[in-house]
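> Please model the complete structure; the sequences and the hints are all you need to start from.
There are 2 protein chains.
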Amino acid sequence: MDYSEIFKALSNKSRLQILHWLKDPVQHFPEQQHNGYENGVCVGIIQQKCGLTQSTVSDYLAILQRVGLVEATRIGQWTYYRRNEAAFAALGQIIENKI
Amino acid sequence: MDYSEIFKALSNKSRLQILHWLKDPVQHFPEQQHNGYENGVCVGIIQQKCGLTQSTVSDYLAILQRVGLVEATRIGQWTYYRRNEAAFAALGQIIENKI
DNA sequence: TCGATATATCGGGAATTAACGATATGCTTT
DNA sequence: AAAGCATATCGTTAATTCCCGATATATCGA
Chain A
2 MDYSEIFKAL SNKSRLQILH WLKDPVQHFP EQQHNGYENG VCVGIIQQKC GLTQSTVSDY
62 LAILQRVGLV EATRIGQWTY YRRNEAAFAA LGQIIENKI
Chain B
2 MDYSEIFKAL SNKSRLQILH WLKDPVQHFP EQQHNGYENG VCVGIIQQKC GLTQSTVSDY
62 LAILQRVGLV EATRIGQWTY YRRNEAAFAA LGQIIENKI
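Read top to bottom, the protein sequences are chains A and B.
Quick note, in our numbering, the first sequence goes up one by one and the last residue is 100.
Quick note, in our numbering, the second sequence goes up one by one and the last residue is 100.
Hint data in this document are derived by calculation from the structure and do not stem from the laboratory.
Remember, it's a predicted structure, so these values are computed and weren't measured experimentally.
You may find that some hints are simply not true.
Identical copies look the same in the list; a pair holds intra-copy or inter-copy alike.
To be verified - Derived pair list, reagent style BS3-like, types lysine-lysine, alpha-carbon separation capped at 25 Å:
hint, residue 1, residue 2
1, K50, K14
2, K99, K9
3, K24, K9
4, K24, K14
5, K50, K24
Take a look at the structure:
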């Protein structure tokens with residue numbers, strides 16, 4: 002298997018920052034109340050906090066999704082992104098035992 | 002702290018391959034017997050197996066050393082590189098809990 | 001000291017990534 | 001159907017990374 006793609010996704014400060022914020026959405030994204038946080042946080046809210054443009058944030062979330070670190074749920078016109086904690090646990094194990 | 006540099010070091014197939022070989026030097030580098038494997042494997046032997054040039058392999062090992070994933074020992078004209086297993090264990094924990 | 005060997009460093013061209021603006025797609029409401 | 005949002009995709013330039021050859025440094029043996 003090729004883990005370099007996963008590490009490439011993690012090798013960027015903005016993407017690491019987003020992942021860290023998504024670890025505790027209630028604290029880091031209080032401006033999103035409407036739907037709860039079950040499905041994660043929508044792109045626009047993440048973008049505001051990043052300071053990056055909408056297209057960049059959308060790109061970055063797609064990169065993280067492509068390697069399985071986050072999952073997306075489309076609800077109406079919003080796409081909510083949340084961490085895939087199982088992927089992080091698995092990656093931790095891989096680093097401790099396989100790499 | 003800035004973990005992106007560590008992930009950048011891991012985001013390359015050749016470097017991951019080297020790290021994996023260094024996990025079991027006796028098996029992957031049988032051509033090196035002279036000094037045992039206590040200090041790791043010297044650059045030339047790693048280079049032969051990689052197929053990359055000497056300068057590239059030296060660069061790559063320096064990158065891995067800079068972020069603490071490997072350690073170097075100079076003995077005479079040889080430099081031996083070995084994995085820093087504590088760094089991998091720590092990184093695994095960071096991914097499971099902190100990122 | 002000189003030459004041979006091992007490794008490190010420097011400079012560069014090709015390939016990739018960062019981040020953007022512009023535009024397309026898709027959903028919702030009227 | 002049309003207008004308004006939210007998000008995705010495309011095309012681009014600047015910056016970075018990949019990987020090399022050339023060269024410098026360090027150590028060893030004669």
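> With reference to the structure, classify each hint as holding or not holding.
Now for the hints, and whether the structure bears them out:
1. Taking the shortest alpha-carbon separations for K50 and K14, only the intra-copy value of 14 Å comes in at or below 25 Å, while the best inter-copy value is 33 Å.
2. In this assembly of identical chains, the alpha carbons of K99 and K9 lie at most 25 Å apart whether taken from the same copy (18 Å) or from different copies (18 Å).
3. With identical chains, the CA atoms of K24 and K9 are at most 25 Å apart both within one copy (20 Å) and between copies (22 Å).
4. When the C-alpha separation of K24 and K14 is checked against a cutoff of 25 Å, the pair qualifies only within one copy, where the shortest distance is 15 Å, while the shortest distance between copies is 29 Å.
5. In this homomeric assembly, K50 and K24 come within 25 Å of each other (Cα to Cα) only inside a single copy, at 15 Å, whereas the closest approach across copies is 41 Å.
When each numbered hint is compared with the structure, no violation occurs for any of them.
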